[in-house]
Amino acid sequence: MKRTIFLLAAVSALALTSCRPQSDDLLSYGQNDVQAFYDANNSFAGEFKTFWTAINENYGIWDYEESFGTDWDAVYRTYLPKFEELDKRKNKVTDDELKDLYQQITDTLHDGHLSMAIKNLHTGKYINLNPNTRRVERERWQEWEDLSNNRTDLHLYLTPEAGAYQVKEYDAASSNTIVYALIDTTLTHAVQAVDAYIAMVDAAGGPNSTNDSVYAAAQLLKTDAEEILTIMHTASNAILTSWKSVIVGKYKKIYDKYAFVGKQTGVTILPVEGELNEDILGSIEYALFDGNIAYMRLGGFGLTLHFDSAYQTKDSASMYFAYQQAVKRTWQRWFDAIQVHHKAGDLGGIIIDVRHNSGGAVPDYQWVVGALLPSGGWHSHTLRMKNGIGRLDYGPLTPFNMQTYKGEHEVINDRPIVVLANCKSISMAENTTYGVKAQPNGCFIGTRTYGGLSALAPDPENYSDNYSGAFGVSGVTPVYGYVPKFIGLYPNENGDSRIVEGYGFEPDIECPLDVNLWQTQGRDNQLEKAVDYIHAK
Amino acid sequence: MKPEFLRALLLLSIFSFHLSPLQAQWRIGASGGATYNWYSIDTHYQTDFRYDGAWGWNAAVFTQYNFFDWLGLRAEIEATERNHRFRRTGIFTGTNYTVHNTYLQVPVMVQFSFGGKKVRGFVDAGVYAGCWLAGRYKGTNYDMIVNATYSLDEPYIFQSKKDQRADFGLAGGLGIEYRFLEHWAIHAEGRCYYSFISTVKPYMEIKDYRFNTTVGIQAGFSYIF
Numbered sequence: 000m001k002r003t004i005f006l007l008a009a010v011s012a013l014a015l016t017s018c019r020p021q022s023d024d025l026l027s028y029g030q031n032d033v034q035a036f037y038d039a040n041n042s043f044a045g046e047f048k049t050f051w052t053a054i055n056e057n058y059g060i061w062d063y064e065e066s067f068g069t070d071w072d073a074v075y076r077t078y079l080p081k082f083e084e085l086d087k088r089k090n091k092v093t094d095d096e097l098k099d100l101y102q103q104i105t106d107t108l109h110d111g112h113l114s115m116a117i118k119n120l121h122t123g124k125y126i127n128l129n130p131n132t133r134r135v136e137r138e139r140w141q142e143w144e145d146l147s148n149n150r151t152d153l154h155l156y157l158t159p160e161a162g163a164y165q166v167k168e169y170d171a172a173s174s175n176t177i178v179y180a181l182i183d184t185t186l187t188h189a190v191q192a193v194d195a196y197i198a199m200v201d202a203a204g205g206p207n208s209t210n211d212s213v214y215a216a217a218q219l220l221k222t223d224a225e226e227i228l229t230i231m232h233t234a235s236n237a238i239l240t241s242w243k244s245v246i247v248g249k250y251k252k253i254y255d256k257y258a259f260v261g262k263q264t265g266v267t268i269l270p271v272e273g274e275l276n277e278d279i280l281g282s283i284e285y286a287l288f289d290g291n292i293a294y295m296r297l298g299g300f301g302l303t304l305h306f307d308s309a310y311q312t313k314d315s316a317s318m319y320f321a322y323q324q325a326v327k328r329t330w331q332r333w334f335d336a337i338q339v340h341h342k343a344g345d346l347g348g349i350i351i352d353v354r355h356n357s358g359g360a361v362p363d364y365q366w367v368v369g370a371l372l373p374s375g376g377w378h379s380h381t382l383r384m385k386n387g388i389g390r391l392d393y394g395p396l397t398p399f400n401m402q403t404y405k406g407e408h409e410v411i412n413d414r415p416i417v418v419l420a421n422c423k424s425i426s427m428a429e430n431t432t433y434g435v436k437a438q439p440n441g442c443f444i445g446t447r448t449y450g451g452l453s454a455l456a457p458d459p460e461n462y463s464d465n466y467s468g469a470f471g472v473s474g475v476t477p478v479y480g481y482v483p484k485f486i487g488l489y490p491n492e493n494g495d496s497r498i499v500e501g502y503g504f505e506p507d508i509e510c511p512l513d514v515n516l517w518q519t520q521g522r523d524n525q526l527e528k529a530v531d532y533i534h535a536k
Numbered sequence: 000m001k002p003e004f005l006r007a008l009l010l011l012s013i014f015s016f017h018l019s020p021l022q023a024q025w026r027i028g029a030s031g032g033a034t035y036n037w038y039s040i041d042t043h044y045q046t047d048f049r050y051d052g053a054w055g056w057n058a059a060v061f062t063q064y065n066f067f068d069w070l071g072l073r074a075e076i077e078a079t080e081r082n083h084r085f086r087r088t089g090i091f092t093g094t095n096y097t098v099h100n101t102y103l104q105v106p107v108m109v110q111f112s113f114g115g116k117k118v119r120g121f122v123d124a125g126v127y128a129g130c131w132l133a134g135r136y137k138g139t140n141y142d143m144i145v146n147a148t149y150s151l152d153e154p155y156i157f158q159s160k161k162d163q164r165a166d167f168g169l170a171g172g173l174g175i176e177y178r179f180l181e182h183w184a185i186h187a188e189g190r191c192y193y194s195f196i197s198t199v200k201p202y203m204e205i206k207d208y209r210f211n212t213t214v215g216i217q218a219g220f221s222y223i224f
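The listed protein sequences correspond, in order, to chains C and Z. The end of the first sequence is residue 536 by numbering that gives the first Met the number 0, with every number in the run present. The end of the second sequence is residue 224 by numbering that gives the first Met the number 0, with every number in the run present.
One or more of the hints may lead you astray.
[Claimed, not checked] Pairs of lysine-lysine residues, derived as DSSO-like cross-links and limited to a Cα-Cα distance of at most 27 Å, are as follows:
1) C:Lys313 x C:Lys243
2) Z:Lys200 x C:Lys48
3) C:Lys48 x Z:Lys160
4) C:Lys91 x C:Lys118
5) C:Lys262 x C:Lys313
6) C:Lys124 x C:Lys249
7) C:Lys81 x Z:Lys117
8) C:Lys249 x C:Lys262
9) C:Lys252 x C:Lys118
10) C:Lys167 x C:Lys327
11) Z:Lys161 x C:Lys48
12) C:Lys243 x C:Lys256
13) Z:Lys206 x C:Lys48
14) C:Lys48 x C:Lys91
15) C:Lys405 x C:Lys327
These aren't lab readings, by the way, just hints derived from the structure by calculation.
Put together the whole structure using the sequences plus the hints.
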């Protein structure tokens, strides 16, 4: 009996060890991989499955999405049949209808940086999905419209009647201005030279076999140049800023296509220096208001690229060199004004303006908010990263310490610091806003920020850092996801961590831009509010 | 439950209580020791993720009723750690931490024993049920943003949607007992717990399971009534 019981126990134990189920087999979508993207290249259903699985594994805020009622598994069950229907259809699937279907899904997602590109297998074109921009447009459309159509660069008004808002010192640098001035000047001269050349050829009896190709090219050059000039002379600053790459791209085509007509026509097309075109800072302005209020506005965050010797150009004859010098000079004047007036005890306060700032380099913190805080870094918030293929697999929280200014400097903890931001303040602009807002002497004036805080590492080479974040290859794989990998958790008033994706930070003092005041009098009520706030302290 | 099975159980109970005092004995005791846990996880394409086994501790109180000198039924209340180590290779070697998981569990095992009056060997076989109590990360983590390694000691944040608190599986052991007084004995035992419950719930359309297998080396004493 003993032996039988022993035997039964041993056999039962061995049999039970086979009770563990197996996990599904998964492939990586981190880069262009034939096997992983095979189904996506061959059917709409396969493409949807790839999209769904890749987002499932790489997206970092599923717990946050679930708090809004998103059920990603239900999305799969609901939408897969719809894509299978597309595969069965005989007529072509249009870009608009594919986009509409995917937007129904992605519009529920809140990550501020998330964007997707899905290839329409019938037309070969990519549809782009930007859920948070659509959310801001949808939920705050009036402000978005006002800001999109009226202004981007705040040019400080220096009217005599401004009184308390008078500016004692001013400096600025703008790569956008340099690039647009170059394109404007070059193309205006080109059109004039082409007109003169065509008139000359016409006067000589029209084109002949020796000059007919140049004559035809000159006419085309004029048409293309006038198209760009029309855009530049009629578009708002906002459009010019957001279309910068498009306009520069068109200009480059002219440079490549018509350079050969230069000798005969007298047209000289100057190239746009690559660094100027790729500059993410865009512009910087410094002003010192009455009462020694030091103001700095940044179009983007790219100061580190100008301050770090590794990125500085050595070509002193280039426009980029002159621009870099102007950037350094402008920032230095802001920094020096703070040092001088704080030491003298007559610093009124500081205004950091990140309205319409779409973000950029995180190390810039040391030159902006970090230049007002003690050296050694400042613990801003914590980061969470995915650590597994599961939707809710996260690793330990990582402290996110922002760099502060390393050299000797004044710590500004006794005078007000104001940050101006709006719904077009994105990413690093929002981190800067939070950095000021979190200081005891900090105040955020303006309107709620965009809501895109989590950081990216979109290069496919960086995918294996966490096996999460951006996946696929833009313009190559049928599904591409520009997905953040570092999820920011920011303390609230009670010290509890929270995600603010798709929402942003609330201002301490709500103050929307008075569009009418701006359009009719050129006055900036948000900036005036900041100056008034500091004067009242 | 079928009536036949209940009837058999009742008969066994009556029979057990009519055994001679030498054969039918209650005992209580306590034991403690070290555990070593393996975490079974499919790392899929995460090729440099390494999940290694890790040491922990356990402590238990138990009671046992012997039907015969060779057959007993043992039940324990046990606190135990099922830890595992996570590390990465290459430029991420700074990531090397242990995930400490504390469980409270109740193994119920049949004990077969053999040998002489003073020194006896025994084999335990049964099942256990338990629940996860707490978790903690301890070690170092690589911060890729600032390219530095920092020390880590922070609680694991339990996610009820994903994390499985309940645990159930096979329990078994092999040990030796020395009865040094009429009512007192000490023992040493090697134990194994084989979980059937994934540490993550099937909360996704995609199935991804993770399991603990724990071995323990423990020693203890018992008082025999």
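Please flag the earlier hints that this structure goes against, numbers listed from lowest up.
-> Per hint list: 5 and 7 violated.
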